[in-house]
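S.K.: Could you build the full structure based on these sequences and the hints that come with them?
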Amino acid sequence: MSKLSTSPTALQCYHCGEDCNNDTLLAYDKAFCCSGCKMVYEILDQNGMCDYYSISDNPGTSQRIQVREDKFSFLDDTKIATSLIQFKDEARTHVNFYLPQIHCSSCLWLLENLHRIEDAVISSKVDFERKEVDIIFDHRNISLRKVAELLTGIGYEPYLSFNDMGKQLPGIQSDKIYKLGVAGFCFANIMLMSFPEYFGIDAKEKDLLILFRYANLLLSLPVFFYSATEFYSSAWKSLKHRFLNIDAPIVLAVWVTFARSVYEVLSGTGGGYFDSMSGIVFFMLAGRVLQDTTFRQLSFERDYTSYFPIAVTKLVEQKQQSVALPDIQLNDTLLIHNEELIPSDGILTRGKALIDYSFVTGESVPVEKEMGEIVYAGGKQIGSNIEILVIKEVAQSYLTKLWNKDEAGINKDWEHSFVHLLSRYFTWIVFSIAFTGAVYWSVYDPSRIWNVVTAVLIVACPCALLLSNTFTNGNILRRLGRNHFYLRNAQVIEDIATADCIVFDKTGTLTTGRYNDIQYEGDNLSDRQKQQLGVLASQSTHPLSKAIVEWSGISHNQKVVGFRELPGYGIEGTIDGVLVLLGSKSFVTKEKSKIPGGQVVYIAFGEQVMGKFSFRNHYREEVPALLKFLGAKYQLAVLSGDNDGEKKFLENLLGPETTLLFNQDPSDKLNAIKRLQDSGKKVIMIGDGLNDAGALQQANVGIAISENNNHFTPASDAILPARELPRLYRYIQLCKANKRVVLAAFVISVLYNFAGIFFAVQGIMSPMIAAILMPCSSISILLITFGLSNYFSARLQIK
Amino acid sequence: MSVIILLLIASISVASLFLLAFLWSVKNGQFRDDFSPAVRILFDDQPVRKNEPVLPEQAVSK
Chain A
2 MSKLSTSPTA LQCYHCGEDC NNDTLLAYDK AFCCSGCKMV YEILDQNGMC DYYSISDNPG
62 TSQRIQVRED KFSFLDDTKI ATSLIQFKDE ARTHVNFYLP QIHCSSCLWL LENLHRIEDA
122 VISSKVDFER KEVDIIFDHR NISLRKVAEL LTGIGYEPYL SFNDMGKQLP GIQSDKIYKL
182 GVAGFCFANI MLMSFPEYFG IDAKEKDLLI LFRYANLLLS LPVFFYSATE FYSSAWKSLK
242 HRFLNIDAPI VLAVWVTFAR SVYEVLSGTG GGYFDSMSGI VFFMLAGRVL QDTTFRQLSF
302 ERDYTSYFPI AVTKLVEQKQ QSVALPDIQL NDTLLIHNEE LIPSDGILTR GKALIDYSFV
362 TGESVPVEKE MGEIVYAGGK QIGSNIEILV IKEVAQSYLT KLWNKDEAGI NKDWEHSFVH
422 LLSRYFTWIV FSIAFTGAVY WSVYDPSRIW NVVTAVLIVA CPCALLLSNT FTNGNILRRL
482 GRNHFYLRNA QVIEDIATAD CIVFDKTGTL TTGRYNDIQY EGDNLSDRQK QQLGVLASQS
542 THPLSKAIVE WSGISHNQKV VGFRELPGYG IEGTIDGVLV LLGSKSFVTK EKSKIPGGQV
602 VYIAFGEQVM GKFSFRNHYR EEVPALLKFL GAKYQLAVLS GDNDGEKKFL ENLLGPETTL
662 LFNQDPSDKL NAIKRLQDSG KKVIMIGDGL NDAGALQQAN VGIAISENNN HFTPASDAIL
722 PARELPRLYR YIQLCKANKR VVLAAFVISV LYNFAGIFFA VQGIMSPMIA AILMPCSSIS
782 ILLITFGLSN YFSARLQIK
Chain B
167 MSVIILLLIA SISVASLFLL AFLWSVKNGQ FRDDFSPAVR ILFDDQPVRK NEPVLPEQAV
227 SK
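Sequence lines, in order, name chains A and B. Position 472 (the first sequence) corresponds to 473 in my numbering; numbering is contiguous. Position 1 (the second sequence) corresponds to 167 in my numbering; numbering is contiguous.
It is worth saying that the hints were derived from the structure and are not from the lab. There's no promise every hint is true.
With a Cα cut of at most 27 Å, we get these calculated DSSO-like pairs of lysine-lysine [what the hints assert, rightly or not]:
| no. | chain 1 | residue 1 | chain 2 | residue 2 |
| --- | --- | --- | --- | --- |
| 1 | B | Lys193 | A | Lys126 |
| 2 | A | Lys634 | A | Lys613 |
| 3 | A | Lys132 | B | Lys193 |
| 4 | B | Lys193 | A | Lys89 |
| 5 | A | Lys353 | A | Lys591 |
| 6 | A | Lys177 | A | Lys682 |
| 7 | A | Lys547 | A | Lys613 |
| 8 | A | Lys177 | B | Lys193 |
| 9 | A | Lys649 | A | Lys675 |
| 10 | A | Lys238 | A | Lys205 |
| 11 | A | Lys634 | A | Lys682 |
| 12 | A | Lys800 | A | Lys629 |
What the simulated footprint calls covered on chain B by chain A, stretch by stretch (three residues with Cβ under 8 Å from a Cβ of chain A suffice, anywhere in the stretch; the number is not a length) [what the hints assert, rightly or not]:
| no. | segment |
| --- | --- |
| 13 | 170-179 |
| 14 | 186-198 |
| 15 | 201-208 |
Covered by chain B, according to a simulated footprint, are these stretches of chain A (three or more residues, beta-carbon under 8 Å) [claimed, not checked]:
| no. | segment |
| --- | --- |
| 16 | 102-114 |
| 17 | 129-142 |
| 18 | 184-190 |
Predicted, not measured: the structure shown is a model, and the values here were computed from it. Ideal placement from N, C-alpha and C gives every residue a C-beta, glycine not left out.
M.R.: Pasting the structure below:
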C-alpha cells in the first residue's frame, strides 16, 4: 500500500466535515476526505438529493473505513432474514434498522426520502431518539440485502447484532399512561359532580343529588378496576414474598374508601369519597409515570449479544457461506474479516491476527497472535483476514460464560428501600390509631365504629409518602439526565446514596483509553527528525502513531514516499530521502526479539536506531481531585487488568490504605466486589469495558463510563459520559439529598394526616373536609419536593 | 332540572372525546419521538408521493 500526499492544506470534507489530511480528493468543486465520502455524494447527486447538504453543514459521517462488499450477504439467508423482518405479506416487507450514524436533521431528511433513490422502497420513517428507521419495501423488486446495502451506500450502515435476531417491535410501555389518562378523566368529572356534596343543595333538588352520586359511582369504576390495578399487582407481588411494601397499605386505603363510598351511595346515607379515591390514584400514577421516565436512547440491559455480529462467514471446503451465530459448531472454520468481531473462542489457523480487545479489556493497543494460538471471543480483528477453528461454541465461550454466570447469581433486591420500611411503621401506627378509635367509640357510641375506622384508614393512607418519593425521584432522575448522568431507575438513586465504598477500574475509567503520556529515551532528535517522525506517524491510524503525531507537533506536511504499514509490526516510509522506521523492536532493529511490541515503539533513521518511545495511559484531568474528594468519605479501591507498573503512582494518589489490585481478569474483578460486599460494604463499581461487566452487575451500583453516548456500554445501573466523571461527587451528593427531600415532604404530609385524623377519630369526617385535605396535601407535597430538589441541585451547581 | 341532565351528558361526552383523543395519541406514538416531527414539518418538499403505499389487494390485482 503506498500513499502520496497530494494537498498541503487541511480542508474540511464536504460530506463529513472531517479534516482531509493528506489525501484530499477534489471533485465537483468540493473536497472529500476519502473515496467513501465522495461516493456517497455521487449517489445523492445523481438522485438530486443534495438538499442533504443544505439542511445541515457536513452532515455525513466519515466513510474512511470501507465496508466489505459482501458484508451483508448473510441477509440472503432466509432464516437470518426472517429473524429480522417484522412483517411480510405478498408485496411488502417491514424492517427496522438501527443506524447509529443518525445525528441531525439532514439524516432524517435523507432517510425519509429513500424512495427517491430506490423506487422499491415504499416508505421509511425515522425514530430519531432511538436512531432507528422503519423501512417498508417491496420485496419483489429489492431484497433485504439490497436495502441494507443501499443504506450503507449513502453512509448509514445498519448495525446488526446477534441481539437483533427475533427482535420484536419494542413493546410500548404506555400502560401506565393509559391508566393515568383514565384516572385523570374520572377524577376531574367526579370532582365536578361532587360540588353539590361540598356546598349543599336545595332540598327540592334531592333527586339531582342522588343522580350525581350514582354518576360518581359509575365514574369511579374505571379508576378502581383499571387505573388502580397498577398498585394491586405490585402489592400482591410483595405480599407473595412476605414483604409489606408501600403499595399494600395504599391498596387497603383505596379498597376501604371505595367500599365505604359504595355503601353510602347505595344506602343513601352520603356521597362517599369517590373524589378523594380517584384523586389519590391519579396523583400517585402521575408520580409513577414521572419516576419511570426512561432514557429510551440508552440501553441498560445490553449483554454480549448486542456486541456480536448476527452472522459470520464459515468456510466449508474452501467455499464461503454465511452462518448465524447460534449455528456455529465445534471444529467449524470461520473466516474473520478486517474489523470483525471474533464470535467464539478458537485457534488461529491462518493469517496474522492483530486483535483489538478494547471491547473486552478497555485496552486500546491491539494484541498480536501467531498461528496456533488461542483467540478469545470478543476481540476485533484488525488488518488482513484470518481463519479460526472453533474450539468452543458461542454459548460456551469464555466471555459468554462469564456473562451467564453473572445473570444467574445476582438478584438485586429493590425492596429494601427506606420508603418501604417507613411505610411499614406508618401502617402499624395507623392501624393502632384506628383500633384505639374503634375501642373508644364501642364504649360511647357503637354505631360510629365503622364510620371512624374507615375514615382513619382513608385519611391516613401513606400516599403522601409515595407521592413525595415518586415525585422527588422523578425530578432528580431528570436533573441527572440533563447532566448526562443516566440512571436505570429510581432505586439506583437510593443505592448510590447508601453506598460506602467506591471501586474504580483503571484503564478507560481513571485513564483515557488513549496513550497521551509519551516518554522518549535515546539519542537526541533534531527538530527536523521530530518533524519527519510526525509526518510518518500521521499516515497511520494506530493509537500509538496518533500519540506520536501529537507529541511531534508537526506543522507542515511533507511528502512520504513508499509508505508501508505492517500491522502488528510498524510503519516505514522515505521522507526527504531518509528511510524512517517506527515500530516494534524486531521490526526496527531487525533482530529477533521475543519482547512483545506492546507499549514501546522503536525508531530508526536509515540504518541507525535512535531510541524508543514508551507510552503510559493518560489519567483523566481532575481525576486526582475527584479521588481526593471521594477518598475523604469513602473507602476506595482500584481494580486493574494491567500489570502493577503504576502502583506507586496510584498509591500516591489514593493513599496507602486503598486496595489496589492488579492483573485482575473479569472474574477476579467480580470476586473482589463480592468480597467487599461480604464484609458489609455497599459498593459502587465504576468501569467501562466488557471486562468490567461482571463486576458492574455484582456491585450494588454499577456505573458504566462511556466516551460517547452512542457507544455501547455494558449492562449497568447508570451510564456516565467520561467528561462528566469529575462531577461524580456532586451527583452522589444530590442522590443523598434525595432522601432528605422525601423525608421533609413526608413530615409535612404527616401534619396533614394529623389534621385529617383529628376529624376522622371524632367521626365528623365530611366529604368536604376530605376534598379539601386531599388536593392540598398532594399539591403542597409536589411543590415541596420540586422546590427542595431544585434547591439542592442549584446548591451543588447541577444544571 | 332536565337541562342539568342534558348538560351533564354533554359535558361527559365532550370530556370522553378528549380522553379518547389522548389515548389514541399515546397509542399512535405521538409522545415517543419528540425531535423528528418538529424538524420534519420544516422540510420544504414533503416526500414525493410517487409510490403510494401499495395495499396487498391492489398489489394482487395489478
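S.K.: Decide, hint by hint, whether the structure agrees.
M.R.: Checked hints:
1. The hinted pair formed by Lys193 (chain B) and Lys126 (chain A) meets the criterion: a straight-line CA distance of about 17 Å does not exceed 27 Å.
2. Only pairs whose Cα atoms come within 27 Å are accepted, and Lys634 (chain A) paired with Lys613 (chain A) is rejected, the gap being roughly 42 Å.
3. Under the criterion of a C-alpha separation no larger than 27 Å, the hint pairing Lys132 (chain A) with Lys193 (chain B) is consistent with the structure, at around 20 Å.
4. With a CA separation close to 22 Å, the supplied pair Lys193 (chain B) and Lys89 (chain A) stays within the 27 Å bound.
5. For the given pair, Lys353 (chain A) sits about 19 Å from Lys591 (chain A) by alpha-carbon distance, which is consistent with the 27 Å threshold.
6. A threshold of 27 Å between alpha carbons decides the hint, and for Lys177 (chain A) with Lys682 (chain A) the separation of about 36 Å lies outside it, so the pair is violated.
7. Using a Cα cut-off of 27 Å, the hinted pair Lys547 (chain A) and Lys613 (chain A) holds, with the two alpha carbons roughly 16 Å apart.
8. For the hint linking Lys177 (chain A) to Lys193 (chain B), the alpha-carbon distance of about 12 Å falls within 27 Å, and the restraint holds.
9. For the proposed pair Lys649 (chain A) and Lys675 (chain A), the alpha carbon gap of about 26 Å is at most 27 Å, so the pair holds.
10. For the hint linking Lys238 (chain A) to Lys205 (chain A), the alpha-carbon distance of about 50 Å lies beyond 27 Å, and the restraint is violated.
11. Taking the CA atoms of Lys634 (chain A) and Lys682 (chain A), the gap is about 13 Å. The hint holds against a cut of 27 Å.
12. For the proposed pair Lys800 (chain A) and Lys629 (chain A), the alpha carbon gap of about 24 Å is at most 27 Å, so the pair holds.
13. As drawn, the segment 170-179 of chain B meets chain A at 5 residues by the rule of a beta-carbon pair under 8 Å; at three or more, the given contact holds.
14. Chain A is given as covering the segment 186-198 of chain B, and this holds because 7 residues of the stretch bring a CB closer than 8 Å to a CB of that chain, at least three being needed.
15. With 5 residues having a beta carbon nearer than 8 Å to a beta carbon of chain A, the segment 201-208 of chain B meets the requirement of three or more and the stated coverage holds.
16. For the segment 102-114 of chain A, the stated coverage by chain B is satisfied: 5 residues place a CB nearer than 8 Å to a CB of that chain, which reaches the threshold of 3.
17. Counting residues of the segment 129-142 of chain A whose beta-carbon sits less than 8 Å from any beta-carbon of chain B gives 5, enough to reach three: the coverage restraint holds.
18. With 3 residues having a beta carbon nearer than 8 Å to a beta carbon of chain B, the segment 184-190 of chain A meets the requirement of three or more and the stated coverage holds.
Hint violations for this structure: numbers 2, 6 and 10, all remaining hints satisfied.
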